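Asker: Sequence:
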Amino acid sequence: CLDPTLAVGVPPEEAPEPRIRTTLAEFSPNPLVAGRDGRIRFMLEHSARTKVDIFNLDGRLVRTVFEGLAPSGANELTWNGTDLAGHPVASGVYYLRLQTDSEHLSRRIVILRVS
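Residue 64 is where the sequence shown starts when you use this note's numbering, and the numbers rise one by one after that.
Don't read these hints as lab results, they were simulated from the structure.
Bear in mind that the values here come from a model prediction, so they are computed numbers and not experimental data.
Among these hints, one or two may not hold up.
[Stated by the list, open to error] Cross-link-like lysine to any residue pairs, in silico, SDA-like; alpha carbons within 25 Å at most:
| no. | residue 1 | residue 2 |
| --- | --- | --- |
| 1 | Lys114 | Leu132 |
| 2 | Lys114 | Asp100 |
| 3 | Lys114 | Thr127 |
| 4 | Lys114 | Arg99 |
| 5 | Lys114 | Arg171 |
| 6 | Lys114 | Glu77 |
| 7 | Lys114 | Ser135 |
| 8 | Lys114 | Val128 |
| 9 | Lys114 | Val177 |
| 10 | Lys114 | Tyr158 |
| 11 | Lys114 | Glu76 |
| 12 | Lys114 | Glu89 |
| 13 | Lys114 | Arg126 |
| 14 | Lys114 | Leu87 |
| 15 | Lys114 | Ala133 |
[Unchecked claim] Distance ranges between label pairs, derived from CB positions:
| no. | residue 1 | residue 2 | range |
| --- | --- | --- | --- |
| 16 | His167 | Pro92 | 22 to 32 Å |
| 17 | Glu76 | Val156 | 25 to 35 Å |
| 18 | Leu168 | Gly98 | 18 to 28 Å |
| 19 | His167 | Asn93 | 53 to 63 Å |
| 20 | Glu76 | Arg99 | 48 to 58 Å |
| 21 | Arg84 | Ala148 | 33 to 43 Å |
Idealized CB from N, CA, C, for every residue including glycine.
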């Protein structure tokens, strides 16, 4: 089989590069046992100033996990269920927020404290 477009000088089509969208994956493991490490994974369409925070149900800041310039593509952080002072947080529901200049994404996290 020959490509009939070769005879008329039509260049072959190139597949477009897949576009990366800014996304925030589910926190894992969820629920998280306080004091253990959990993974925060996100993709950025382009490098950007990024902030990743944890909030309680009242909307109070529990901890800033990352603040700075994050590269485009896949990124991964860890959080061990501790607050700004380094103390384990109480059992309950928390919110993970990824914030860039143009995006605000969030996920729910459940924390379990084991005695």
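Asker: Would you mind marking each hint as holding or not holding in the structure?
Answerer: Consistency of the hints with the structure:
{"no.": "1", "hint": "Lys114 / Leu132", "in the structure": "holds (9 Å)"}
{"no.": "2", "hint": "Lys114 / Asp100", "in the structure": "holds (19 Å)"}
{"no.": "3", "hint": "Lys114 / Thr127", "in the structure": "holds (7 Å)"}
{"no.": "4", "hint": "Lys114 / Arg99", "in the structure": "holds (22 Å)"}
{"no.": "5", "hint": "Lys114 / Arg171", "in the structure": "holds (17 Å)"}
{"no.": "6", "hint": "Lys114 / Glu77", "in the structure": "violated (36 Å)"}
{"no.": "7", "hint": "Lys114 / Ser135", "in the structure": "holds (14 Å)"}
{"no.": "8", "hint": "Lys114 / Val128", "in the structure": "holds (8 Å)"}
{"no.": "9", "hint": "Lys114 / Val177", "in the structure": "violated (29 Å)"}
{"no.": "10", "hint": "Lys114 / Tyr158", "in the structure": "holds (14 Å)"}
{"no.": "11", "hint": "Lys114 / Glu76", "in the structure": "violated (39 Å)"}
{"no.": "12", "hint": "Lys114 / Glu89", "in the structure": "holds (17 Å)"}
{"no.": "13", "hint": "Lys114 / Arg126", "in the structure": "holds (11 Å)"}
{"no.": "14", "hint": "Lys114 / Leu87", "in the structure": "holds (12 Å)"}
{"no.": "15", "hint": "Lys114 / Ala133", "in the structure": "holds (9 Å)"}
{"no.": "16", "hint": "His167 / Pro92: 22 to 32 Å", "in the structure": "holds (24 Å)"}
{"no.": "17", "hint": "Glu76 / Val156: 25 to 35 Å", "in the structure": "violated (49 Å)"}
{"no.": "18", "hint": "Leu168 / Gly98: 18 to 28 Å", "in the structure": "holds (26 Å)"}
{"no.": "19", "hint": "His167 / Asn93: 53 to 63 Å", "in the structure": "violated (20 Å)"}
{"no.": "20", "hint": "Glu76 / Arg99: 48 to 58 Å", "in the structure": "holds (49 Å)"}
{"no.": "21", "hint": "Arg84 / Ala148: 33 to 43 Å", "in the structure": "holds (36 Å)"}
When each numbered hint is compared with the structure, violations occur for hints 6, 9, 11, 17 and 19.
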